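Chemist: Residue strings, one per chain:
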Amino acid sequence: MRKTLILGALAALMAAGGVLFVTRAQPVDSAVFSGLTGDAAQGEVVFTAAGCASCHHAPDATGEAKLVLAGGQRFTSDFGVFLAPNISPDARAGIGSWSLTDFAGAVSKGVTPEGQHLYPAFPYTAYTHMAPQEVADLWDYLQSLPPSDTPSLPHEVGFPFNIRQSLGVWKMLFMTDQWVAPDTEDETLTRGRYLVEALAHCGECHTPRNVLGGLQRDAWLSGAANPNGTGRIPALTPDKLSWSETDIAYYLETGFTPDFDSVGGHMVAVVENFAKLPASDRAAVAAYLKALPQPAEN
Amino acid sequence: MKKTLVLLAGLAVFGGSAALAQADFSGQIKARQGQFQILAINLGILGGMAKGETPYDAELAQHAADSLVAVSHIYEPPLWPEGSDNMSLDGTRALPSIWDERDDFLSKWAALGTAVSGMQEVAATGQEAIGPALGKVGGACKACHDKHRAPSG
Numbered sequence: 032m033r034k035t036l037i038l039g040a041l042a043a044l045m046a047a048g049g050v051l052f053v054t055r056a057q058p059v060d061s062a063v064f065s066g067l068t069g070d071a072a073q074g075e076v077v078f079t080a081a082g083c084a085s086c087h088h089a090p091d092a093t094g095e096a097k098l099v100l101a102g103g104q105r106f107t108s109d110f111g112v113f114l115a116p117n118i119s120p121d122a123r124a125g126i127g128s129w130s131l132t133d134f135a136g137a138v139s140k141g142v143t144p145e146g147q148h149l150y151p152a153f154p155y156t157a158y159t160h161m162a163p164q165e166v167a168d169l170w171d172y173l174q175s176l177p178p179s180d181t182p183s184l185p186h187e188v189g190f191p192f193n194i195r196q197s198l199g200v201w202k203m204l205f206m207t208d209q210w211v212a213p214d215t216e217d218e219t220l221t222r223g224r225y226l227v228e229a230l231a232h233c234g235e236c237h238t239p240r241n242v243l244g245g246l247q248r249d250a251w252l253s254g255a256a257n258p259n260g261t262g263r264i265p266a267l268t269p270d271k272l273s274w275s276e277t278d279i280a281y282y283l284e285t286g287f288t289p290d291f292d293s294v295g296g297h298m299v300a301v302v303e304n305f306a307k308l309p310a311s312d313r314a315a316v317a318a319y320l321k322a323l324p325q326p327a328e329n
Numbered sequence: 047m048k049k050t051l052v053l054l055a056g057l058a059v060f061g062g063s064a065a066l067a068q069a070d071f072s073g074q075i076k077a078r079q080g081q082f083q084i085l086a087i088n089l090g091i092l093g094g095m096a097k098g099e100t101p102y103d104a105e106l107a108q109h110a111a112d113s114l115v116a117v118s119h120i121y122e123p124p125l126w127p128e129g130s131d132n133m134s135l136d137g138t139r140a141l142p143s144i145w146d147e148r149d150d151f152l153s154k155w156a157a158l159g160t161a162v163s164g165m166q167e168v169a170a171t172g173q174e175a176i177g178p179a180l181g182k183v184g185g186a187c188k189a190c191h192d193k194h195r196a197p198s199g
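Chains as they are written, first to last, in the working numbering: chain A, 32 to 329; chain B, 47 to 199.
Just so you know, these hints were derived from the structure itself, not from any lab. Here the structure is a predicted model, which means the values were calculated and not measured. Backbone N, C-alpha and C fix where the C-beta goes; we use that ideal spot for every residue, glycine too. Be aware that one or more of the hints could be misleading.
[As the list claims (entries may be wrong)] If you want the ones that stay clear, here's a sample from chain B, every Cβ over 12 Å from chain A, calculated:
#1 SER72
#2 GLY73
#3 GLN74
#4 LYS76
#5 TYR102
#6 HIS109
#7 VAL115
#8 HIS119
#9 THR160
#10 GLU167
#11 GLN173
[Stated by the list, open to error] Below, a list of computed lysine-lysine pairs in the BS3-like style, where the Cα atoms sit at most 25 Å apart:
#12 A:LYS307 x B:LYS97
#13 A:LYS321 x A:LYS307
#14 A:LYS321 x B:LYS97
Model the full structure from these sequences, guided by the hints.
Modeler: See below:
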C-alpha cells in the first residue's frame, strides 16, 4: 500500500515534471544566428514593415521621437492590459545588453534571455516566420537607434493569465511555423505572404481569436472584434473587400479608401509604415489579399 | 400665487431640460458628415487624376481644390455640440476625445486648412503636382481620424 502511494506520488511528480518540461521556454538554436552578420540598412526596411515603432514608441510621440523605443503604450485585451516595454538599446532599461541570439529568441520564439515566456501581445507568432538573416538585420538596426532610460512598466494582467508558464501550453496550441497561404512559385505572392503573415502581422487584428486568444487560422483575415472596444476590424478576404489591387496599394500608400474616406485608428500607423516601403511591397500585399480563398461558410 | 410661480418656473426648467435631453443633434451630425462627404468627392476627383485613372483637367482640378478650401473655412464648433459623441448617440463615430481635447481637435482641423491651401496653389499647375499635395491632405485626414474617430461597423 505504502509502496503504491510512493509510486503514485512519483508518477504524479514525473507527470508534472513532464508538463513543465514540455511547456518550458525554448530559445532559438544559437548555431543558426552565431554566424550571421546584420545589415542595418536592410534592418530598417524590416523594422518599418514589422511596425516595431508603432507599438514601442512612447505614448503620443511624433516624428523622429517615434524612433525612441521607450515603450509605455497600453494595449487592452480580454486578458488584461499589456504595456509595451522599452526595447531601446539602453543597457539597463532597454535591451542593449542582449546578444543577437537573445533577440532572436524573443522575436521568433517569444522567450526572454532569462528563459521566461513573453505574452503574445508581442506578435512573435507572426515574427516566427521571419528569415534569420532579417532578424539579424533588424537587430543591427535597432542597436543604431537612440537609447532611452525610461523603465518598462509591468503588464496589468490578473490571475490566471499572470502565470507565464501557462503560455508554454498556449504556444503549443496556437503557435506554428506553418504558413496560412500555400507555397507558390509566384514571387509577388510569396513576398506578399511574407509581409502579411510575418512582418506586418496583419492577422493579429484582422483574424478572429478563440476564447483563449489563439488566432482562428481557418478564418484567416476574415475580420474580428476590435480589442479596444467599439467597432469591428474589417475583413480582408475577397468576398468582403471588393477593392481592386490598385485600390489596396493606393490605400497603403496614402491612407485613402477608393471613395476617398481616410484611414483611422491604429491602421494610421500601419499606413505610415507601408508608405515608406517600396511600391512593389504594397502591390505584393494587394496581390496576396486578392488571392486569398473565400472563407468557409459558418 | 407665489407658489404657482415657483411651480411654473420649476415646470419651465424641467421642460427645458427635457427638451435638451431629447435633442438628437441630427442636423449637426448631418452637416458635419456632409462636409466630409464634400471633401471626399472632391478628393476623389483629384485622386483619380493623381492615380492616372482619369485624364488631368486643370480647370476641374482647380474647382475641386477650391471646394476643399471652401469646406475648410467652415467654422467647426457649432457642428460639434457637447453630447453629440458616439458614446451618447448612434449614427456618429465622433469620439469623446473631440470634446476632451478640444484644442487638439481644432488644431487638426486647422492643419487640414493648411494642406488644402497647398493643393489650391498647385492644382492647376500639372498632373504631377497633385499626388504630393494629396499626400499632405491625406496626412491631415489621418492625423485626426487616428485620434478622434471610432472604427466603422
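Chemist: Does each hint hold? Answer for all of them.
Modeler: Cross-check of the supplied hints:
With a minimum CB-CB distance of about 20 Å to chain A, B:SER72 clears the 12 Å threshold, and the non-interface call stands. With a minimum CB-CB distance of about 22 Å to chain A, B:GLY73 clears the 12 Å threshold, and the non-interface call stands. Every C-beta of chain A lies more than 12 Å from that of B:GLN74, the closest at about 20 Å, which supports listing it as non-interface. The beta carbon of B:LYS76 sits about 17 Å from the closest Cβ of chain A, which is more than 12 Å, so the claim that it is off the interface holds.
Even its closest Cβ contact with chain A, about 17 Å, leaves B:TYR102 beyond 12 Å, as expected for a residue assigned away from the interface. For B:HIS109, the condition that its CB be more than 12 Å from all CB atoms of chain A holds, with the nearest at approximately 16 Å. Under the 12 Å C-beta cut-off, the non-interface status given to B:VAL115 relative to chain A holds; the minimum distance is some 16 Å. No Cβ of chain A approaches the Cβ of B:HIS119 within 12 Å, the least distance being about 20 Å, so the stated non-interface status holds.
No beta-carbon of chain A comes within 12 Å of the beta-carbon of B:THR160; the shortest separation is about 16 Å. Taking the minimum C-beta to C-beta distance to chain A, about 19 Å, the non-interface status of B:GLU167 holds against the 12 Å cut. No Cβ of chain A comes within 12 Å of the Cβ of B:GLN173; the nearest lies about 16 Å off, and the non-interface call holds. Distance check on the hinted pair: A:LYS307 and B:LYS97 sit about 18 Å apart at the alpha-carbon level, within 25 Å; holds.
For the given pair, A:LYS321 sits about 22 Å from A:LYS307 by alpha-carbon distance, which is consistent with the 25 Å threshold. A threshold of 25 Å between alpha carbons decides the hint, and for A:LYS321 with B:LYS97 the separation of about 20 Å falls inside it, so the pair holds.
In this structure, every one of the numbered hints holds.
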